[in-house]
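Using the sequences provided together with the hints, build the complete structure.
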Amino acid sequence: MTDAPRVRVNQVGYPPDGPKAATLVTDATASVPWRLVRAEVVVAQGESQPQGHDPSAGLDVHVIRFDEVRERGSFVLEADGATSDPFSIETGLYDDLRVDSLTVFYGQRSGIAIDEALLGPGYGRAAGHVDIAPNRGDGAVPCLPAGHATTADGVDLYDGWTGGYALDVTGGWYDAGDQGKYVVNGGIAVAQLLGLYERALRTGRSDALGDGALRVPEAGNGMPDVLDEVRWEIDWMLRMRVPAGERYAGLVHHKVSDERWVPLPMLPADDPQPRYLHRPSTAATLNLAAVAAQGARVFAPHDEAFAELLRTAARDAYDAAHEHPVLLAPDTNVLANAGSGPYDDADLDDDRLWAATELYLTTGDERYADDVRANRYAPMFRPEGFDWNHVAAWSRLQLATVASALPERDAVRASVVEAADALRERQATQPFGHPYVPTSGRYDWGSNGLLLNNLAVLAAAHEITGDPTYRDAVLSGVDYLFGRNALGISYVTGYGTRDVRNQHSRWYAHQLDPSLPHPPRGTVSGGPNSDCPDPVSAALAGSTAQCCFVDDIGAYGVNEMTINWNSALAWVASYLSTGNS
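In this text, residue positions in the sequence shown follow the working numbering: the first is 292, and each later residue adds one.
Just so you know, the hints here were simulated from the structure itself, not pulled from any lab data.
Hints should not be assumed to be uniformly reliable.
To be verified - Label-pair restraints from in silico Cβ distances:
1) T494 - N624: 37 to 43 Å
2) A457 - S365: 53 to 59 Å
3) L803 - P412: 18 to 24 Å
4) P554 - R493: 41 to 47 Å
5) A457 - P698: 19 to 25 Å
6) N624 - Y456: 25 to 31 Å
7) L492 - H344: 44 to 50 Å
8) A408 - R717: 25 to 31 Å
9) G655 - D822: 39 to 45 Å
10) E537 - P377: 56 to 62 Å
We put the CB at the ideal spot given by N, CA and C, even for glycine.
Right, here's the structure in full:
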């Protein structure tokens, strides 16, 4: 299944003062000797630790630990007749990843020409969806006509809804490998980018994200670059609101997308499909309330007028969601050719908790604190991790780390540490070192994003307690992403010897058209998915969880790129970059 060496390592490397472990795939039942080699000189040696059979990988494995090594340079590990891919022991291993993972968002921008001087040679392209043929454009997008969301059985998923208006919804980020733009996935991505900047402020490292630190066209405008990038999406989210006087006024449209799926490859500027606004949803509205509230306090020192606009938008969206508490987005995948992902979510209490949390943290208004206390969403933390439709854990991390006068703050912080301890207990059972252990034993869609969000919980516990063992847990967990896994591959493009390069994307489609580029450096793949739901990965159905992956552009169920997985990567990379952790 893989030609990777049987000694699986973090192909990027290990910091001198951090944990260092590798996983050896072997049938040996007793310890075997290993050697750490630099330039043909043995630097360290020892005996492996047999772990037996790992059910998530379907492999018999040993663990090799070399934590005590502090020497820097390029190394390989030798054991049981196998030699690892090369790796470094060095400081600053994740500094470039912090920049690259954030630059990926620039490449996802809609409504602007992409400059290869910023994204890289070969990555320039014309602006997408700006009302230039063959695009229909996003400058005046109408509501989906009545009946257009009707199933083959005659069920109208939107209950006859339509609207007689059009909105300018230019801008924003393309969500993933398609041309759709979705508020609920944009919400968690914006929140994590704002969150990594808030954390950098708390640790005195905001200069690493400041004006001129990243690759964005707005560099030099006096605004921190990460906030320039975030604003591209927030401005679009604000445009997605239903106008006054219309049905559901004040709510937020769930998504804007093509009428039908377009084939791969397809550059955004070449997309000929009609575009439509889909029915508003309570979830999208609460997402706007949450990120507008968070954005208000983050932007305030830089642009008070914009911050005030966001404060007002957050309150208004929160109130609108209260007026329409259960307007749900349906599963549009049941349609013959939906043209977009559904992002359906039947439980909105976590979204309400998140919105109330951010509004309280920004305003200090006891109304929102009371709503946080009254919310009974559970469980707050899941072994599988949090994501766009399970945001309670993210809201808890914010409540624990952003300064506030909440009387219960100590208890909130203790709950984060308790969740991190539970993750560390599970991590200790994993011979590949990652704190992602679903209770079902099956890996979920976007397993890499879920893993990264579990690492954020561990990082928050490090911030709360100052205990460096939580940082070590993050470092051990990130090894999995960069090659210490069942397949011996790095799930981040441009990082490691055997990195993924064919994530599902309509414009980063080199596998289908050699004139187009691979995804840019710093793009994370969704990762193994036990459901193997697409025609390509279906051939792997029934494989062990870690092996339900293939680096193929058609394998959207295991190998797509999305803004919310990259925001999780950017958050962790920012935490791990020099000095931040």
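So, going through the hints one by one against the coordinates:
1. T494 - N624: 37 to 43 Å: At 42 Å between Cβs, range holds.
2. A457 - S365: 53 to 59 Å: holds, 57 Å
3. L803 - P412: 18 to 24 Å: This hint holds: roughly 20 Å between Cβ atoms.
4. P554 - R493: 41 to 47 Å: Check passed, 46 Å falls within 41 to 47 Å.
5. A457 - P698: 19 to 25 Å: violated, 48 Å
6. N624 - Y456: 25 to 31 Å: Hint holds: Cβ distance 27 Å, inside 25 to 31 Å.
7. L492 - H344: 44 to 50 Å: holds, 46 Å
8. A408 - R717: 25 to 31 Å: violated, 44 Å
9. G655 - D822: 39 to 45 Å: The hinted range 39 to 45 Å holds for G655 and D822, with Cβ atoms some 44 Å apart.
10. E537 - P377: 56 to 62 Å: holds, 60 Å
Comparing the model with each earlier hint shows violations of hints 5 and 8; every other hint is respected.
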